[in-house]
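J.: Take these sequences, add in the hints, and give me the full structure.
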Amino acid sequence: MAALLEACRLARSYGEGSARVDALRGVDLRVERGEFVAVMGPSGCGKSTLLNVLAGLDRPSSGEVWLDGRRIDELSETALARLRRRSIGFVFQSFNLLPTLSAVENVELPLLLAGRGRRKARRIAVGLLDELGVGARPDAAPSQLSGGQQQRVALARALANSPDIVMGDEPTGNLDSVASREVLGLLAAARGRGQTLLLVTHDARVAAAADRVITVRDGMLAEQEGLQPARRVTLPFDPPARS
Amino acid sequence: MRELFLALLADDRGHGYEIKQTLEHEFGSVMPALNSGQVYSTLSRLDREGLVVGHEVDGDGRGKRIYELTERGRAALAEWLDSPVPGVRLKDEFFMKFAVAASAGLTEPAVLIDRQRREYLQSLRDLDARLASGVDKVAGELLIEGAVLHLKADLEWLELIEERMSVGVAS
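If you read the sequences in order, they're chains A and B.
Position in the first sequence (from 1) plus 1362 gives the number in this note's numbering.
Position in the second sequence (from 1) plus 293 gives the number in this note's numbering.
Because the hints were derived from the structure by calculation, they are not lab data.
Cβ atoms here follow ideal geometry from the backbone N, Cα and C, with glycine treated the same way.
Heads up, some of the hints might be wrong.
Pairs of lysine to aspartate or glutamate, EDC-like flavour, derived with a Cα cap of 20 Å [claimed, not checked]:
1) B:Lys445 x A:Asp1430
2) A:Lys1482 x A:Glu1493
3) B:Lys445 x A:Asp1538
Quick look at which bits of chain B chain A covers, simulated, 3 or more residues with Cβ under 8 Å [unchecked claim]:
4) 334-345
5) 407-414
6) 422-428
7) 435-442
8) 445-454
Reference excerpt, derived from the structure (chain B facing chain A, CB under 7 Å, subset only) [what the hints assert, rightly or not]:
9) Arg295
10) Leu417
11) Asp419
T.: This is how it looks when you write it as structure tokens:
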């Protein structure tokens, strides 16, 4: 079966001549449906460029991007915008909620843009906020919410149209360790329900939760094997194992 | 080990058997089980050093002994409690392996680093799964968070090794 997301020989360079920077230098990548893939790598390695190209926010200099069996790097701007609205959910480091809209309105927006009726959109948005543990204050402005709560709202927004894939750039980058862990738990839960995730991250904890970690170095992928399911951990306070 | 014994005898007198029980209960999962012989030999060594004093229990007839701290024992315990544990860990097994392997050309450095990174990530996953299970009280959670922070530092350190030694760049 075809992968949900597939990139072939992706290259992206900026500038000309001696000022030319090769951000991506021939990347092949497959993300299967339902998979949680983390992308790591030192700053400037090209991982954000990779995400932008895969999400249709930027176009590759050469190579192909396929999403759900459809080549997307050649689509028109209008078609790309529609695809991003319907098929891709985004979570960002700085949450990127619209400050003048309430929490629930932020989640509703992509639903309305995708053509849902007002009442249906409200029902889905409220349901998602509840599910993500921020249902208590649907009318709060983003600025009245903590970072962790804002990221939950942003995740609800990303999931609103049941996208094929949720892509994220440092989704825990602005959160303290408790909020990070909570958001990570929600991402893992979404993965558990079959949601495909592709997250660029510096946060080793996010990477450790993924099915597969891909490292980008100098615009190329150095793929690693997947991790095993969590092993048992014993603490000093545990009752001793009986032998 | 001797300091643990002293600490367990600090608020009361006790039998070797009680010490063994307490240690098993508190640290049994991360410490090899002590047999009675080890417990009694540690206690009699502490006795010889004048840190504890053992009394024969009256009327028991089987020569069972009960131990308590001496003044010197209290001082030794206080000194242990008052000294911080060493803060610098310069004896790192991975680094030794990496250094000898690199200098003797035994393995590809990038492969060593990748393998180690996977191990650290896997450990992080293990710890986070335990945290997420919610079985631990505050003390357990703090211990796990501490281990997580160490692992994150170890992962950053691998990145630094890669950067400084320019390993893993296939150009």
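J.: Decide, hint by hint, whether the structure agrees.
T.: Right, here's what the structure says about each hint:
| no. | hint | verdict |
| --- | --- | --- |
| 1 | B:Lys445 x A:Asp1430 | 35 Å, violated |
| 2 | A:Lys1482 x A:Glu1493 | 17 Å, holds |
| 3 | B:Lys445 x A:Asp1538 | 14 Å, holds |
| 4 | 334-345 | violated (count 0) |
| 5 | 407-414 | holds (count 5) |
| 6 | 422-428 | holds (count 4) |
| 7 | 435-442 | holds (count 4) |
| 8 | 445-454 | holds (count 3) |
| 9 | Arg295 | 18 Å, violated |
| 10 | Leu417 | 4 Å, holds |
| 11 | Asp419 | 5 Å, holds |
The structure does not agree with the numbered hints 1, 4 and 9 stated previously, though it agrees with the rest.
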